[in-house]
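Asker: Going down the list, the sequences are from chains Z and D. Here our numbering is used: the first residue of the first sequence is 1, the next is one more, and so on. Here our numbering is used: the first residue of the second sequence is 1001, the next is one more, and so on.
The set of hints was computed from the structure by calculation and includes no laboratory data. Among these hints, one or two may not hold up.
Said to hold, decoys possible - For lysine to aspartate or glutamate, the following EDC-like pairs were computed, each having C-alpha atoms within a straight-line distance of at most 16 Å:
hint: 1; chain 1: Z; residue 1: Lys44; chain 2: D; residue 2: Glu1130
hint: 2; chain 1: D; residue 1: Lys1112; chain 2: Z; residue 2: Asp168
hint: 3; chain 1: Z; residue 1: Lys304; chain 2: D; residue 2: Glu1174
Stated by the list, open to error - From the derived model, a few chain Z residues whose C-beta atoms are all more than 12 Å from chain D:
hint: 4; residue: Gly66
hint: 5; residue: Asn177
hint: 6; residue: Ser191
hint: 7; residue: Phe319
hint: 8; residue: Val382
As the list claims (entries may be wrong) - Only some residues are given here: those of chain D computed to face chain Z with a beta carbon under 7 Å:
hint: 9; residue: Val1045
hint: 10; residue: Tyr1122
hint: 11; residue: Leu1125
hint: 12; residue: Asp1126
hint: 13; residue: Glu1127
hint: 14; residue: Lys1189
Where a beta carbon is used, it is the ideal one built from N, C-alpha and C, also for glycine.
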Amino acid sequence: MLTSELVDQFKRQSILVVGDTYIDREIYGDVLRLAPEAPVPIVKVKSRRLVPGGAANVAKNIAMLGGKTFLYCGFAPDIAARQILDGLCSDGVEIAVPPGAASSRLPERCRIFAASQQLLQILRLSGPDTAPQTPPAFSSFVSDRAGGVKAAVIYDQGYGSVTKDLLDHVESLSQKNGMQVVVDAQPDHVSWYRSASLFTFNADESIAAAKRLGFAVTTVTEAGEALRTKLDSPILVTQGGEGMTIFRKDQEPQKIPANRVPIADRAGAGDSVTAVLALCLAAGASLPQAAELANKAAGVVVAKPGIAYVRPEELVNLFHEEISHLLLESMEVKHRLIQEQLPTIESVVRAIIRTYQESRTVYAFGNGGSAADASHFIAELVGRFMIERKALPAVSFSSNEILMTSIANDYGYENTFARQVDAFVKPGDLVAAFSTSGKSRNVLKALQLAKQKGATTVGFTGGSGGEVPDLCDICIRVPSEITPRIQESHVAVVHIICELLEKELALPEQVLPKQNLGSDL
Amino acid sequence: MMDSKKETFDRIRRFPSAHLLVLGDVFLDTYLDCRALGVANEAPVPLLEVSRETSFPGGAANVAVSLARLGVQTHLIGIVGKDSDAHILGQLLRDAGVSFYPIEASRPTIRKTRVLSQNHYYLRLDEEDESPLASDQLEQFLGTASKVLPHANLVVISDYNKGLFTPRSIGAMENLFAEFKLKVLADLKPQNISAWRHLDLITPNLTEARVIHSQAAGSDTSQVSETRLAEDLSTLLTCDVILKLGSEGMIAASQGRCLARFPALCDVIRNSSGAGDSVLATIAAVLACAGSLPEAAGLASVAASIAVSHEETYAASSDELIQAVEGFNWPLNHMA
Chain Z
1 MLTSELVDQF
11 KRQSILVVGD
21 TYIDREIYGD
31 VLRLAPEAPV
41 PIVKVKSRRL
51 VPGGAANVAK
61 NIAMLGGKTF
71 LYCGFAPDIA
81 ARQILDGLCS
91 DGVEIAVPPG
101 AASSRLPERC
111 RIFAASQQLL
121 QILRLSGPDT
131 APQTPPAFSS
141 FVSDRAGGVK
151 AAVIYDQGYG
161 SVTKDLLDHV
171 ESLSQKNGMQ
181 VVVDAQPDHV
191 SWYRSASLFT
201 FNADESIAAA
211 KRLGFAVTTV
221 TEAGEALRTK
231 LDSPILVTQG
241 GEGMTIFRKD
251 QEPQKIPANR
261 VPIADRAGAG
271 DSVTAVLALC
281 LAAGASLPQA
291 AELANKAAGV
301 VVAKPGIAYV
311 RPEELVNLFH
321 EEISHLLLES
331 MEVKHRLIQE
341 QLPTIESVVR
351 AIIRTYQESR
361 TVYAFGNGGS
371 AADASHFIAE
381 LVGRFMIERK
391 ALPAVSFSSN
401 EILMTSIAND
411 YGYENTFARQ
421 VDAFVKPGDL
431 VAAFSTSGKS
441 RNVLKALQLA
451 KQKGATTVGF
461 TGGSGGEVPD
471 LCDICIRVPS
481 EITPRIQESH
491 VAVVHIICEL
501 LEKELALPEQ
511 VLPKQNLGSD
521 L
Chain D
1001 MMDSKKETFD
1011 RIRRFPSAHL
1021 LVLGDVFLDT
1031 YLDCRALGVA
1041 NEAPVPLLEV
1051 SRETSFPGGA
1061 ANVAVSLARL
1071 GVQTHLIGIV
1081 GKDSDAHILG
1091 QLLRDAGVSF
1101 YPIEASRPTI
1111 RKTRVLSQNH
1121 YYLRLDEEDE
1131 SPLASDQLEQ
1141 FLGTASKVLP
1151 HANLVVISDY
1161 NKGLFTPRSI
1171 GAMENLFAEF
1181 KLKVLADLKP
1191 QNISAWRHLD
1201 LITPNLTEAR
1211 VIHSQAAGSD
1221 TSQVSETRLA
1231 EDLSTLLTCD
1241 VILKLGSEGM
1251 IAASQGRCLA
1261 RFPALCDVIR
1271 NSSGAGDSVL
1281 ATIAAVLACA
1291 GSLPEAAGLA
1301 SVAASIAVSH
1311 EETYAASSDE
1321 LIQAVEGFNW
1331 PLNHMA
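Next up, chain Z with everything else stripped away, as it sits in the complex (with noise of 0.2 Å):
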């Protein structure tokens, strides 16, 4: 599934999500002088925003990737929580509270920046009095909803909200309807779960997390294979600046890098990435395809100060940012191309002009893409390019594959083009030989033997040319070590090397009307 028809589908999903909900408060200030009573910062407020945080935050994200949620809240909201909620039901999130839960204060983290430069944080938890979870009610809220319902997510900081009674509500849920599950689960909690679709945690939280079930670990590696073999499902372990990490059973650990972007913190791309997992995985795309994804989410996330959420025109437009990358990738190529190889081009026009001029014969070749490249250059050549001019001899030695298969059979595939020069080739003559990688073993035994003959020898390869260079008598060398880039080099050049010689070659009146130009090759 593209990236772009993923995204398309969170509009469809509906993600259920339980676990602990608390306020981040945003502190927004300057500080233009230091406290009289001893020398720290006085931050002047400027501005103050509330937002939702931890489960209530994920059910926001997935809300503004388009995706329909549901929230279980197993509290009554005091004055501050009810605008928080508020809030989350104009952004779309159903939530339900369930009847006599106890009304408490919701814990809090506060965060306070000035000039986008974080301070400090204040966490404020409630006591222990948090209110627990009322299973009955949580079951009627659920089994009402729960048709059309494909993820869960299960959000667990260790504030109360997530019971083992809850965990198991979930778990039968999940095997009743074939739910998936995203737990993003407290490491002392690890031990409740029998297994989800995917459990995630942060670096030190893997660490501790294998730590509490009984593994001396350091690294993220090591608690990674300890928790995917205990926990027997598959482990994301997100590690900030470095990206992420799938754990999966009978697997390699899969690293994906971060994106490299400038990052104004890292508020929030925790709960970006639960919320695309679990959207990702309800649409019914693979954990890698979702875990990358996740990772360019918090990409977004990260660069702006603050929580922050990412949008689903947001993930497009990444991909389609993925789209033009490539294009630019190949622009600077062939700016490179203009800077190292313009009098390269020259030589090679010169070659060639001279080669009709002594009514001579140009060969080109080369192995699948570079074939169809040099059969490319032939057809311009035999047939036309824009000018209407008489027919020039060319032939391909990549394009009959009756002869190709013949040589091969009786006599190896490194000998598939030396026998077709041996054949055809006389002094005199021109051979091109593309070959991005510069070591195709047919296309070095071909070149060599046309240089023995006395023909003169254009090589079009890439990189370091391998030994193309030294069996040609002029080599073009696409500055890249990417295939597909050499090649769509490889193609300009050909054509610019067409057009420069039909001009040279072609008489004035031949011209045809433009309308009629252009080849069909």
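Fit chain D to the known structure of chain Z by using the hints.
Answerer: Positioned in the frame of chain Z, the structure of chain D alone reads:
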């Protein structure tokens, strides 16, 4: 000597008969006592957990609380926001026995939050909007003042330059004070002093006094002695001056003459925040009960010594004042 001490005690006992009106910038002083948990995982900044949150009335509200502690019948008019901090401040003032007339404005209640862990001070958060007060809210403020003023013996101004006092509002307030022929004592920021036509007494600290002096005299005053500074100010501004010198005590000057200089009366300073408010309150109470300037300054020194000997913001009660005065030769040596 005994007569003088008795006279002072009688005056302190008459504090409850005085009605004082405090006008000024009220705020909430909040202390967040935290436990340091380590470093936050999303950014390398300290991660704290609140273990105790305590709030105290600050600014003009603390002056009012100090007056109420002395037994004075205290009225306070100040600007608050439509928020929970206004509710907390109102409750604290009610508990302290202050008659508070809050004027609700479309700005947050001013709050200074100090974030501490053990005795380590991380930062202070100031929530305030210092833009000038909207005219309808100023009208409301003046309307409330004109209802309370007929009952007042004296006015105390506590100006922290938070938008309440502007040339316009000061002019309107002075007209009201003149109507009721009330003495005005002020603790104010130097930048607003030129807007006042007449004040009866100011209580600057040394830094403020030098700024006011150089403004009024138009010359560099950094070399002028402290006594001379107080004397000059009393002439230049034609008002009495109590110059607060912190651990160096205080100087009282009137009409170009130094009337008294007292040293600080305590050895250990535990917390000096709010001590200035206690000084202003004590002076106001003494003057409202017809005491002299040296007597007011002497009692203010005693009040300050009680305030700074406490860990948290504290104001002396009239009983504590009497008890402390018992320990001194009274009146205090004017020129210690």
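Asker: For each hint, tell me whether it holds in the structure or not.
Answerer: Tested hints:
1. Between Lys44(Z) and Glu1130(D) the CA atoms are separated by roughly 11 Å; this keeps the pair inside 16 Å, and the hint holds.
2. Between Lys1112(D) and Asp168(Z) the alpha-carbon distance is near 47 Å, which puts this suggested pair outside the 16 Å criterion.
3. A C-alpha spacing of about 51 Å is found between Lys304(Z) and Glu1174(D), which places the hinted pair above 16 Å, so the restraint is violated.
4. Every Cβ of chain D is farther than 12 Å from the Cβ of Gly66(Z); the closest lies at roughly 26 Å, confirming the non-interface assignment.
5. No Cβ of chain D approaches the Cβ of Asn177(Z) within 12 Å, the least distance being about 34 Å, so the stated non-interface status holds.
6. With a cut of 12 Å on Cβ distances, Ser191(Z) stays outside the contact zone with chain D, its closest approach being about 23 Å.
7. Here Phe319(Z) stays apart from chain D, with its beta-carbon at least about 27 Å from theirs, past the 12 Å limit.
8. Remark: the non-interface label on Val382(Z) is consistent with the geometry, its nearest Cβ contact in chain D lying 65 Å away (cut-off 12 Å).
9. For Val1045(D), the interface hint holds, since its Cβ comes within 7 Å of a Cβ in chain Z; the closest pair sits about 5 Å apart.
10. The criterion of a C-beta within 7 Å of any C-beta in chain Z is met by Tyr1122(D), whose closest approach is roughly 6 Å, and the hint holds.
11. Using the Cβ-Cβ criterion of 7 Å, the hint placing Leu1125(D) at the interface with chain Z is satisfied: the shortest such distance is roughly 5 Å.
12. Proximity of Asp1126(D) to chain Z holds as hinted, the smallest CB-CB distance being about 5 Å (cut-off 7 Å).
13. The beta carbon of Glu1127(D) is positioned within 7 Å of a beta carbon in chain Z (closest approach about 5 Å), and the interface hint is therefore held.
14. Taken as an interface hint, Lys1189(D) does not check out: its beta carbon lies about 13 Å from the nearest beta carbon of chain Z, beyond 7 Å.
Going through the hint list in order, the structure does not satisfy hints 2, 3, 14.
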